[in-house]
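S.K.: Residue-level listing of the chains:
There are 2 protein chains.
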Amino acid sequence: MTEQQIEIQLTAEKKQKPAFDSLEFGKNFTDHMFIMDYTKGQGWHDPRIVPYQPLTIDPASMVFHYGQTVFEGLKAYLTKEGEVLLFRPQKNMERLNRSNERLCIPQIDEELALSALKRLIQVDRDWVPNVEGTSLYIRPFIIATEPYLGVAPSKRYQFMIILSPVGAYYKEGINPVKIAVESEYVRAAIGGTGDAKTAGNYAGSLKAQELAEADGYSQVLWLDGKEHRYIEEVGSMNIFFKINGEVVTPVLNGSILQGVTRDSIIHLLKHWEIPVSEKKISIDEIYEAHKQGLLEEAFGTGTAAVISPIGELFWKDEKLSINGGKTGELSKKLYDTLTGIQLGTVEDPFGWTVKVKEENPHLVKNS
Amino acid sequence: MTEQQIEIQLTAEKKQKPAFDSLEFGKNFTDHMFIMDYTKGQGWHDPRIVPYQPLTIDPASMVFHYGQTVFEGLKAYLTKEGEVLLFRPQKNMERLNRSNERLCIPQIDEELALSALKRLIQVDRDWVPNVEGTSLYIRPFIIATEPYLGVAPSKRYQFMIILSPVGAYYKEGINPVKIAVESEYVRAAIGGTGDAKTAGNYAGSLKAQELAEADGYSQVLWLDGKEHRYIEEVGSMNIFFKINGEVVTPVLNGSILQGVTRDSIIHLLKHWEIPVSEKKISIDEIYEAHKQGLLEEAFGTGTAAVISPIGELFWKDEKLSINGGKTGELSKKLYDTLTGIQLGTVEDPFGWTVKVKEENPHLVKNS
Ligand SMILES: Cc1ncc(COP(=O)(O)O)c(C=O)c1O
Ligand SMILES: Cc1ncc(COP(=O)(O)O)c(C=O)c1O
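Residue numbers (the UniProt record's numbering), protein chains in the order written: chain D, 1 to 367; chain A, 1 to 367.
Treat the hints with caution; some may be incorrect.
Copies of one chain are not kept apart here, so a pair can be met inside one copy or by any two copies together.
Said to hold, decoys possible - When the alpha-carbon atoms are kept at most 27 Å apart in a straight line, the in silico DSS-like pairs for lysine-lysine are as follows:
(1) Lys118 with Lys15
(2) Lys326 with Lys178
(3) Lys15 with Lys155
(4) Lys17 with Lys40
(5) Lys178 with Lys155
Everything labelled a hint here was simulated from the structure, so no lab data went into it.
The shape of chain D in the complex, shown without the other chains (with noise of 0.2 Å):
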């Protein structure tokens, strides 16, 4: 299948825009979608771009049922030039196909996606929205649909991408968050899903996550699963440390999720020659790091936050405040860096950013 081969159906009536100067996240969703179906024994077939629209699904549908589903999330930026740029989109691809794999879901023709989700944007380029710090948040994600109560691979999925317009995450400024060490949940387990991205991970998330808010923390700083002891994630992010100089962040072990921002910021510390690695870190380490005033900074990454800096972890009645509460320097860095890659503004030295093309109004077809 190629590009050429998804039929795209035009919306009759164009939603009216919400403005763009106060977006939420992920309650807006643009004028379009794509969908494609898998069939066993016929493959993914019938690729389409159709106008925003509710499913319709049987009750029995095993995602309902068995969570048999995985997505991903990321982004398409406006540039003041006025092009509309993707940050290493071929990353989510790749990951969405290794949860793809851990979740016994067909793998998807990569390419295919990529050239679906720029028409996509193309379709809908007019929701990239203009408004310093927003962005179009790309959700691709695939559910098991047929309609059957067997604990078994389903034999037919969908696998969609929808877009939504989302405001800055940070209205006034980059701004540290104060997280709760989670001492009884667990989000993941080796030889279970955390390293996929895949529903279960985050209902199971929920619990901790709302306790954390009621004790006013915005998170929680989740550790391992075997020995309750090492460092994971925190909240849906990836997490480094600064320490006397040195920039560490755990090691891919099988229940943390390879975050592609987490990619991003190894290869520019690298670029930079700030030493950083990859390794197995106890909430000990940090803690004692702390009580020698060696914790310089700490910071969550991801898609939506880009950099989450960490003003302060709650751990065992004690409260640990990194770097006075403030935004470190180098977090500071990376995170202009990062924003002035993905919009274009700083020098691109990795060939991160793909650029959706404008529209060639002959490529579409209103069926």
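Dock chain A with the ligands against chain D, hints included.
M.R.: Quick look at chain A with the ligands alone, frame taken from chain D:
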């Protein structure tokens, strides 16, 4: 809300029923379904029985992305006298609410849910199959329906009950299965969602099951997520061993599902004055017991199969044959007794069965 407030809209056209003597599990659904909505601020509302129909649901619905969903599974049986019996249905509603608690889903009114279930069965009573060994499988479930991509509990849900006539689990008599001890993948971890009946647990289990099946095993035996040493469950069943005259089953530790069949078996064994205990059981212990010739029986327990004898365990390149690969005496007795109670042919000393009354036609409002 009371039973009287359940609106009933009957189907205009009844489906053709499948042949009750060749039913497959979970593939056929009855003429009607129960639905109730939840809206934050308003609570659960609009309980109704409607024709079985596809859901119309936004692609951004949270269930697709973050897996906030729970379910139950139980059965209705047709007795020789033409009565319809449920087996300990309150237990399922209680467990549904425990799952809700873990998944940050609002509690349901268990009484109302049970009334709704009974009303639905009354309406679709002619779908309770009348062939030996068959039953009506009941699937209550809740899905998060708010169209929102933020990781947070949904503000909207739907609670549904669907019904599926299912065939005899054992077509040629109760039959032992071969089980592979899972050495890499993990179903659940302490602090995770293993003791909730939620979709993600099943999605995560497909991979191990697929690999085991490819090797000729029908299911895997799950070890604990921490030490990978203690026995938890088998497939999606609880597990029991009879060792040297004593019955043991893994103690509920937070990562094991609290099976209704498991609980019933413990009650029955105590009633029979057969020694039974719930404890931490390592796979090494089982191996040792087998080596010493003391491992007399092993069986899985769950609503679908009731008792599933294990004829062989595969662990570390060794095949441990149990009771010569044949169904043990106790397994058989438990199976006969439990299915007898469920069908009303064996005395029910615990008051476990609940009768679904004949429909009072005056109650049906065809709105
Ligand atoms: C659990 C989890 N960890 C980490 C990340 C960060 O990954 P990325 O940098 O690719 O956005 C995400 C999501 O974005 C996530 O869901
Ligand atoms: C994971 C799991 N364990 C055990 C059981 C057995 O529970 P019950 O006896 O209530 O059917 C089930 C399901 O039925 C299950 O899904």
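S.K.: Evaluate each hint against the coordinates.
M.R.: Hints versus structure:
1. Lys118 with Lys15: within (20 Å within a copy, 44 Å between copies)
2. Lys326 with Lys178: within (11 Å within a copy, 59 Å between copies)
3. Lys15 with Lys155: Close across copies (24 Å), not inside one copy (35 Å); limit 27 Å.
4. Lys17 with Lys40: between (39 Å within a copy, 26 Å between copies)
5. Lys178 with Lys155: between (44 Å within a copy, 25 Å between copies)
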